[in-house]
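Enquirer: Chains as they are written, first to last, in the working numbering: chain W, 1 to 160; chain H, 161 to 449.
These are computed hints drawn from the structure, not numbers from a lab. One should not assume that every hint holds.
These stretches of chain W come out as covered by chain H in the derived footprint (C-beta under 8 Å, 3 or more residues) [stated by the list, open to error]:
id, segment
1, 14–27
2, 33–42
3, 78–92
As the structure is a prediction and not an experimental result, all values here were calculated from the model. Just so it is clear, CB atoms sit at the ideal spot from N, CA and C, and this is done for glycine as well.
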Amino acid sequence: MRAKVRNRQFAARASLASGATVFVDVLFLTGPALVEEALKSLAVESLNLLDISSEAPPLGATTGNAIRHDLLGELRRRVSGENADAPSTWGRIFWVPSPLNASASSGGGVAVLPYCFFRSRGCAHLQGPKFNDKIVFHHEFDTDWRPSYWHNYYDSDLGA
Amino acid sequence: MYALFSVANRAVSGFSVLSAEDRWAAANDVPTTHADEIILRALDSPIPIPMVFHRSHKYAASSLQPPLVHSNTAEKRLLRNLNSCARLNPNFETWYYEDADVDRTMTTRVIPALQTSHPEVAADLGLAWQRLSRDPVLSQIMVLKMDVFRLAVVWLYGGWWLDADALCVDDLASTLQAPEMVAEIQAAQSRWNKNEPAEACAANSPKSDAADASDARTLKGKGNVGCVFAWEGEVLRGTSEAETTSSPLNWAFGCAPRHPLPLLALQQSVKKVCKLLLYLELIVSTHII
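Taking the hints into account, I'd like the entire structure generated from these sequences.
Expert: Okay, here's the thing in structure tokens:
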């Protein structure tokens, strides 16, 4: 049996007692993939079924591995009405309502913003009157746990 | 009690970093009480996420006191990042977790809270946390613990998790509460409702777009915003480009306290941590790596 070797760009390196190196897939062990799984669970629970549109085939039943593997992305695209050929549809917020069994104190839906809000200025679909090119956070990718990484340092004074 | 937190955030030139546990001890307050008050303040907001930034790094809070004359670039960068968010968001508090705080908060705050509300999760989390801390391989990878911790602490207290290498560029509150943003969230809610099955729509008495717009100022007409994320984009899940998946990013996100999303992610993460031990054993036994 051979383990599936994934792209190691985002894997963390660790050493075994033997001196051998292992790469741990952080993104899919504890990282954003778990948020994806959780959000998918909430979405499915809220919909109570996967077929969200009578005109469209059920999610996951369409052809192509990308769609089968990317259920949440497909759901987002359908609900948001995103069209790859229509830039005006790219900057939409995706909303997953609170699950029906959530208590009032812990309720509230999930708003997923276009990625540029948490990344960098200058995303064309966030410019203009709708979002006015606002971003909230900038990520420097200043991490040393990946064997391959890049930095995205923010150019500002460090003297404070 | 508030002054201790607020002063630190408001005094930009004299921003001082205290560990979260030290803050709570100095305030002679338990964080749950303090968090409750912050939550109550947040409920007046269109987006009722507590105005707290949870930040963490390996550097001790005591080493981050300005001026950082003898500090290295990484420490200076960290302080700059913490300061940027405090300066742009003066009504927010920064709770900084040193390594010791992370373990203390997990073992003395989060797990006991889960034992009351979700005992099965508490048991699994306790085991996974021990393994992440003590396993000779897993303990080398601090990011694993921090991934779990961020979900746990945001679940417990609510607020915003921000990686230490993230800085603030635009004011969070005014950006998220701007009329244009509120209207877009309202539009997203409307789009979802229009995609619901017919029977669900009937049960929910769907509103017209005009009626939706009347709720836009408060976002309370169809349910509050319990969490805010942004898309990471597509990431490679398997071995081929076709196996990509869309995921929200986890280096910056905010949730109301006890929201089910971080709890679900926490549950699944803990399960995977337990499975990974078997995977490592497999790797060792078959000499794949």
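Enquirer: Compare the structure with each hint and give your call.
Expert: Now for the hints, and whether the structure bears them out:
1. Closer than 8 Å: that is the beta-carbon criterion, and the segment 14–27 of chain W has 12 residues meeting it against chain H, so the requirement of 3 holds.
2. Counting residues of the segment 33–42 of chain W whose CB falls under 8 Å from any CB of chain H gives 9; the rule of at least 3 is met.
3. Counting residues of the segment 78–92 of chain W whose beta carbon lies closer than 8 Å to any beta carbon of chain H gives 5, which meets the minimum of three for the stated coverage.
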